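Student: Residue-level listing of the chains:
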Amino acid sequence: DVVVTQSPRSLPVTLGQSASISCRSSQPLVFSDGNTYFNWFQQRPGQSPRRLIYEVSKRDSGAPDRFSGSGSDTDFTLQISRVEAEDVGVYYCMQGTHWPWTFGQGTKVEIK
Amino acid sequence: EVHLVESGGGLVQPGGSLRLSCAASGFTFSSFPMHWVRQAPGKGLESVSAISAYGGNTYYIDSVKGRFTISRDNSKNTLYLQMGSLRVEDMAVYYCMREAPNGSGDYWGQGTLVTVSS
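Quick mapping for you: the protein sequence lines, in order, are chains A and B.
Each residue of the first sequence is one higher than the one before, starting from -4 at the first, in my numbering.
Each residue of the second sequence is one higher than the one before, starting from 539 at the first, in my numbering.
Please keep in mind that the hints were generated in silico from the structure rather than gathered at the bench.
Hints may contain errors.
What the hints assert, rightly or not - Computed cross-link-like contacts, DSSO-like style, restricted to lysine-lysine with a CA-CA straight-line distance of at most 27 Å:
| # | chain 1 | residue 1 | chain 2 | residue 2 |
| --- | --- | --- | --- | --- |
| 1 | A | Lys103 | A | Lys53 |
| 2 | A | Lys103 | B | Lys581 |
| 3 | A | Lys107 | B | Lys581 |
Quick caveat: nothing in here was measured; it's all calculated off a predicted structure.
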């Protein structure tokens, strides 16, 4: 199985500051069709996961534009600019290129 | 609006069985592959099983092969997960998730809790 290693596990941030979360895959994530199926999810306390980013950098329509994704091959990053109180929660990366789809360990974002 | 509503969770003894259901609405169910993803208490997310749009192809993680069976009834817009020989390590919230055509899950249900304990 593809192992996705996510860091940091905990991320205290100051309101209005930026934050960055990284994921590294044990295998390249380019699919046979040329696309890279790498995603980011947000899970607020007591809620189901919600997709923010798909195909590395495409933002979901309901995701604020302060969320952005980047990366390629095996290294990916989620950037949150101008962190707001509603961004508190756990963020997961996930690869959807190889079965089984695998998730990173999660990053807990909290306000300092 | 897309809705996924899981049901069927509960308390079961080790070695027991349970069938989860996921009722889908707001989209053409038969056009989308579907997944089950679980989350053990206080832990991260784990893919469990997936099924193609018409049910012809199924996928499982190694730890549930031979014990779990995923299926769907497109006439009822419902996804199922039949779980058998349950173990303590299967205890989790089970989410159903719609697979978008881009290697991602774009909609998730609210989850149903499976507790395995004697």
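Student: Return the numbers of the hints above that this structure violates; sort them in rising order.
Tutor: none
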